[in-house]
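**Student:** Sequence:
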Amino acid sequence: RVLLRRCCNFANTSPEKKRTSVSDNFRTRLASGPSLQDFVKKGVSVTLGGADPEDQGYLSVDLDMGRSRKVYFETYGCQMNVSDTQIAQVILEKKGYQRTADLKRLKTELLEREKLVDVIAGPDSYRDLPRLLTVADGGHQASNVLLSLEETYADIMPIHRTPQSHSAFISIMRGCDNMCSYCIVPFTRGRERSRPVSSILEEVRMLSDQGVKEVTLLGQNVNSYRDVSEEQFCGSDVTKLSRGFNTVYRSKRGGLRFSDLLDRVSRVDPAMRIRFTSPHPKDFPDEVLHLISERRNICKQIHLPAQSGSNQVLKAMRRGYSREAYLDLVSNIKRIIPAVSLSSDFISGFCGETEDDHQQTLSLIREVGYNVGFLFAYSVRKKTHAFHRLQDDVPAHVKQRRLEECIGVFREEASRVNAALVGSSQLVLVEGESKRSAKDLCGRTDGNLKVIFPIEDAASGAAAIHAGDYVLVEILSATQSLRGRALGHSNLDTWTATSGQLRGYATSDSTMIMDNTG
8 RVLLRRCCNF
18 ANTSPEKKRT
28 SVSDNFRTRL
38 ASGPSLQDFV
48 KKGVSVTLGG
58 ADPEDQGYLS
68 VDLDMGRSRK
78 VYFETYGCQM
88 NVSDTQIAQV
98 ILEKKGYQRT
108 ADLKRLKTEL
118 LEREKLVDVI
128 AGPDSYRDLP
138 RLLTVADGGH
148 QASNVLLSLE
158 ETYADIMPIH
168 RTPQSHSAFI
178 SIMRGCDNMC
188 SYCIVPFTRG
198 RERSRPVSSI
208 LEEVRMLSDQ
218 GVKEVTLLGQ
228 NVNSYRDVSE
238 EQFCGSDVTK
248 LSRGFNTVYR
258 SKRGGLRFSD
268 LLDRVSRVDP
278 AMRIRFTSPH
288 PKDFPDEVLH
298 LISERRNICK
308 QIHLPAQSGS
318 NQVLKAMRRG
328 YSREAYLDLV
338 SNIKRIIPAV
348 SLSSDFISGF
358 CGETEDDHQQ
368 TLSLIREVGY
378 NVGFLFAYSV
388 RKKTHAFHRL
398 QDDVPAHVKQ
408 RRLEECIGVF
418 REEASRVNAA
428 LVGSSQLVLV
438 EGESKRSAKD
448 LCGRTDGNLK
458 VIFPIEDAAS
468 GAAAIHAGDY
478 VLVEILSATQ
488 SLRGRALGHS
498 NLDTWTATSG
508 QLRGYATSDS
518 TMIMDNTG
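Residues in the sequence shown are numbered from 8 upward in steps of one, following the working numbering.
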C-alpha cells in the first residue's frame with residue numbers, strides 16, 4: 008500500500024530542533040499504532056461520483072497546475088514495491104506533482120504530527136491517487152484498497168532509473184495465486200494477471216534506446232506469466248509444471264506463456280542482458296530451460312526458492328513439492344544449463360520445524376551449491392493460512408540460531424566455490440565506482456556475482472572503462488566477493504564465442520538476512 012503525506016502543506020514550516028531519533032520513534036509507532044481498519048473507521052466517507060479515473064475533470068485546477076506541490080516517496084521491501092513507487096510517481100506527475108528526494112526540512116514535522124497519514128492507496132488503486140488527494144484537500148481521510156482482477160498498469164511507462172544507471176526492472180505481472188501458507192502477498196496484491204506482451208516489448212525497446220544494458224522481468228510468480236489479452240493467441244496449451252510439482256489452482260490454458268515472452272524480449276536487443284525474478288520452482292518446463300541455455304543474452308542465473316529442505320515443513324508451507332522433486336529439478340536444470348548460477352530463499356523456524364527439519368535444510372543447501380541465499384527468520388502474517396491454522400511454536404532464540412547456522416553454511420559454500428574461480432576470466436557489466444573505494448570499479452557477471460577491480464588497471468587499457476561497459480575481468484582473489492583486473496572491453500558475442508559458454512560462477516557477498524514480509 009502507498010501511505011502518502013504531501014509536502015505542500017508544510018512549505019513554510021520549520022522543524023523543531025530535537026536530538027531524538029525520529030526514525031526509531033517512527034518505527035515504534037508503526038509497530039504499535041492503529042491498523043488500516045482503525046483508519047477506515049475514523050475516516051469520513053466522501054462521495055465524488057463514479058468518475059472515470061482516466062477522466063478526472065472534477066479535480067481542482069491547482070492539482071493539474073502543480074502550484075509547487077511535491078511528493079516524497081519512502082519505499083520499503085522488495086523490488087515490486089520499488090516498481091509500484093515508479094507507477095505512482097508517473098500518475099502523480101501527470102497531475103502536476105513533483106517528486107522530491109529532500110525531506111530534511113520537513114522530516115520532523117511530518118513524522119511527529121499527530122495525524123501522520125491522510126491517504127491510503129492499495130496496489131491496484133494508484134490511478135485513483137489524484138482523487139484521493141482531492142478528498143484529503145477537503146480535510147478528510149481517504150482510502151482505496153480494493154483489489155482488481157484486471158489492473159496491470161500496462162499503459163503506464165514507469166520512470167525506471169537515474170541517468171547513471173544501466174539496468175532497469177520491468178513489471179510483467181501482478182498478484183499471486185500460489186497461496187503458500189506463510190505468505191500475505193495473495194491477500195495484499197490479489198490474483199495473478201499478466202501484462203500484455205506488446206506493452207512489455209514497447210518498454211524494453213524504450214529502455215534499449217535509452218542505453219540500458221540489463222533488464223530484469225519482475226513479478227511475484229514471474230514464470231507463471233500468461234498473456235490472454237489477444238484473442239488470436241488464446242490457444243489450448245495447458246501450463247506444464249515441473250515434474251513432481253503440483254498447485255492449488257487450476258492450470259492456466261491458452262495465451263502466450265513465459266517462454267514466449269522470454270523469447271520475444273531477448274530478441275529486442277541482443278546486447279542487452281535479460282534476467283527475471285521471482286519465479287516458482289513449479290513453473291520450469293524444459294522449454295524455458297532450453298531457451299535460457301541457447302540465448303546468449305539471457306543470463307544463466309536462476310532464482311529457485313526452496314524455503315526448506317524438509318518434506319514435513321514444505322507440506323505445512325503448502326509449497327506443492329517434496330525435497331526429492333526439488334532436487335530432481337535442480338539436476339535437470341544443471342543438465343540443460345551446465346554453468347548455471349543458482350540462488351534461493353529459505354525460512355528458518357517455520358511453524359512446527361524440528362531440529363531434524365532444520366538439519367535437512369542445511370543438507371539441502373550443501374547439496375545444491377547455491378551462489379546466493381536470501382535467508383529469513385519466520386514471523387507470522389495475519390490473514391495467512393499459517394496464522395489461522397498453524398502454531399508459531401519455534402522460540403525466537405531458536406529461529407535466530409537456526410538462521411545463523413544457515414548463513415554459516417552459505418558462507419562455507421561461498422569460500423569453496425569462489426576459490427575455484429581464481430584464474431578464470433568473467434564478462435562483467437560495469438555498474439560504476441565501488442561503494443567502498445573510489446579507486447575501484449565494480450560490476451556483475453552473467454551469474455549476478457559482484458566483481459571489484461582497480462580503476463588504474465582499467466585505465467591502462469586501450470580505452471577508458473565506464474559504467475555500462477562490458478569488460479573482461481581476470482579473477483585474482485576470492486573471499487566473500489571477487490577481485491580481479493580488467494583485461495579490456497568485450498561484448499556478449501565475443502564472450503560467448505571465446506568462452507564456449509563454459510563459465511564458472513560462485514557465491515557473491517550478498518547473502519541476506521531478511522524478515523518474510525512478502
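What the hints contain is simulated information worked out from the structure, not anything from laboratory work.
Check each hint, because a few of them may be wrong.
[As the list claims (entries may be wrong)] In silico DSBU-like pairs for lysine-lysine, Cα to Cα no more than 35 Å straight-line:
hint	residue 1	residue 2
1	Lys457	Lys390
2	Lys102	Lys247
3	Lys102	Lys307
4	Lys259	Lys77
5	Lys247	Lys446
6	Lys77	Lys247
7	Lys259	Lys247
8	Lys259	Lys341
9	Lys77	Lys101
10	Lys457	Lys307
11	Lys77	Lys102
12	Lys390	Lys442
13	Lys389	Lys446
14	Lys446	Lys390
15	Lys259	Lys102
16	Lys259	Lys322
17	Lys446	Lys322
18	Lys442	Lys77
19	Lys442	Lys389
20	Lys101	Lys247
21	Lys457	Lys442
22	Lys322	Lys341
23	Lys101	Lys307
24	Lys259	Lys307
[What the hints assert, rightly or not] Cβ-Cβ distance ranges computed for the label pairs, FRET-style:
hint	residue 1	residue 2	range
25	Gln105	Ser258	23 to 31 Å
26	Arg106	Ala427	29 to 37 Å
27	Lys101	Tyr256	30 to 38 Å
28	Glu463	Val429	38 to 46 Å
Don't be surprised by glycine CBs; every beta carbon is placed ideally from N, CA and C.
**Student:** Of all the hints numbered above, which does this structure not satisfy? Sort the numbers upward.
**Tutor:** Failing hints, ascending: 1, 2, 3, 4, 5, 6, 12, 13, 14, 15, 17, 19, 20, 23, 25, 26 and 28.
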